[in-house]
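Fit chain B to the given chain A structure using the hints.
The residues making up each chain are set out below.
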Amino acid sequence: MIALQAGWIVTEVGRQPWIIYEVMRTADSLTPMPGLTYSLAAVCALYLFLAFVVVRLMLNEFRASGDAEGGR
Amino acid sequence: MDLAHGAAAAILASLIAYALLGGADFGGGVWDLLASGPRKSAQRKLIAKAIGPVWEANHVWLIVAIVVLFTAFPPAFAAVSTALHIPLALMLVGVVLRGASFSFRSYGRTDAAEQARWGRVFGAASVVAPIFLGVVLGGVTAGRISVTDGVYAGGFFAAWLAPFPFAVGLFALALFSYLAAAYLAWEADGPELADDFRRRALVSGAVAMILSAAVYFLSYSGAPRFSRAFEGSPFTLPLQLAAAAALLSAFGALWFRRYAEARYLAAAQTVIFILGWAASIYPAIIPPDLLITNAAAPVATLRLVAVALAAGSLVLVPSLVFLFRVFKSEGLD
Chain A
1 MIALQAGWIV TEVGRQPWII YEVMRTADSL TPMPGLTYSL AAVCALYLFL AFVVVRLMLN
61 EFRASGDAEG GR
Chain B
1001 MDLAHGAAAA ILASLIAYAL LGGADFGGGV WDLLASGPRK SAQRKLIAKA IGPVWEANHV
1061 WLIVAIVVLF TAFPPAFAAV STALHIPLAL MLVGVVLRGA SFSFRSYGRT DAAEQARWGR
1121 VFGAASVVAP IFLGVVLGGV TAGRISVTDG VYAGGFFAAW LAPFPFAVGL FALALFSYLA
1181 AAYLAWEADG PELADDFRRR ALVSGAVAMI LSAAVYFLSY SGAPRFSRAF EGSPFTLPLQ
1241 LAAAAALLSA FGALWFRRYA EARYLAAAQT VIFILGWAAS IYPAIIPPDL LITNAAAPVA
1301 TLRLVAVALA AGSLVLVPSL VFLFRVFKSE GLD
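Respectively, the protein sequence lines represent chains A and B.
Numbered per the numbering used here, the first sequence spans residues 1 to 72.
Numbered per the numbering used here, the second sequence spans residues 1001 to 1333.
Everything labelled a hint here was simulated from the structure, so no lab data went into it.
Warning: the hint list may mix true and false statements.
To be verified - Among the chain B residues that face chain A by a calculated CB cut under 7 Å, a handful are: (1) T1082; (2) A1089; (3) A1100.
Note that beta-carbon positions come from the ideal geometry of N, C-alpha and C, so glycine has one too.
Here chain A stands alone, though its shape is the one from the complex (with noise of 0.2 Å):
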C-alpha cells in the first residue's frame, strides 16, 4: 500500500514543473479562476466524512463478526 502511494508521488513529483512532460508547464495549465481553495477544502472534507463513516461501519461489522462467534 505505502509502495503504491511513494510511487504515484514520486511520478508526480518528478515530472514537476512539467504537467505534460515537455509539452505543458503546470502553471500554464492552472485556471485564471479565483477561489479554488474553497472547492478543493469541501472536497477534502466530504471525503474525509466519508471515510470517516466508512471506517465506523467496518468497525461495527467486525464487532459483529466476533459477538457471531462468540456467541456460538
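The following block gives chain B in isolation, referenced to the frame of chain A:
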C-alpha cells in the same frame, strides 16, 4: 456525418441514456424521501429493490458523456467546467452522497434511527443532484458562456445564477420523478402499490409539464437563443406534435393502468425533450462561441475516440443488457 458530429451525437446519446436510467434513479430517491400513506415501507422496499442492482451502472452514462466531451471537445470541456464549476461540483456531491448513503443504509450494521438518517441523506441528495444537473444544462442553454482566446472569464456565478437555469433544474427534478414513478408503477408487485405510483406519476407529470411551460417563458429573457430556435425553426412543429402525442398517450396509459406501455411513453417524452433541447443549441456545443466544428479536437484524436467508443460499447452494451435482463425481466421471484 463527420467525426466531430459523431462524437457530439455520442454525447447526446449518453445524455439521453443518463436521463432515462440515472434520472429515474434520482426520481426513485425522491419518492423514497416522499414515501407516505399506509404502504410507506412497501414503497421504500420497492424503490430499494428497483434501484439496488442498477444505481451504480446507471452513472456510467454520465462518465461517457464527460469523457467524450473532454477528449473530443477540449475547449468546450474547459469552458463548461470553469463557468459551471459550482453547479457541477454540487451535482457530483449529490451523486456521491446518494451512492454512499444508499450503501450505508443497506449494508451498515446500524440501528433503525441511523438507517433512517442515511435514508434522509439519500433522499435529499437525490433531490439536489437532478436540480443541479438541470442547472448545468440550463446554464449551457442560456448561452452566456462566451469564450475569448480559448478562455472563459465570466467568473463562477454569471453563467448559471439566474432564474432560467434553476427553472430547468426544477423541471429536471419533476421529469425524473415522473419517469421513476412510471417505472415503479410497472415494477410494483400489487395493484395498491402500483396505484400509489400511478398517482405519483400523474401528479409529477403534470408538475413537469407546468414547469416546462415556465422554462419556455423564462427563456425569452434568460435564454433568447433557445426561444428563438423554438419559434423559428422547421423542427419545432414536428417535435411539439411528437411531445404532445407522447404526453397524451403516456397520461392515457397511466390513467387506464397500462403500466407496461406507460413507462415506454414516459421515456419517449423524455427523449423528445432532450432532442428538442439539443436541436435548439445546434450547431453550437456550448453557445454562443463554441461550435461542434470549431471546438473539436484534431482528427487523429477524434479517430481514437471513435475506436474507443466502438470498442467500449462492445463491452458495455452486452453487460448492461445482461444486467437489466437479470434484474428487470418480468416474472422475477
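*Does the nearest C-beta of chain A fall within a distance shorter than 7 Å of the C-beta of T1082 (chain B)?*
holds, 5 Å
_Min Cβ distance, A1089 (chain B) to chain A: is it shorter than 7 Å?_
holds, 6 Å
_Quick check on the hint: A1100 (chain B) CB to chain A CB, less than 7 Å?_
holds, 5 Å
The structure fails none of the hints (numbered hints given earlier).
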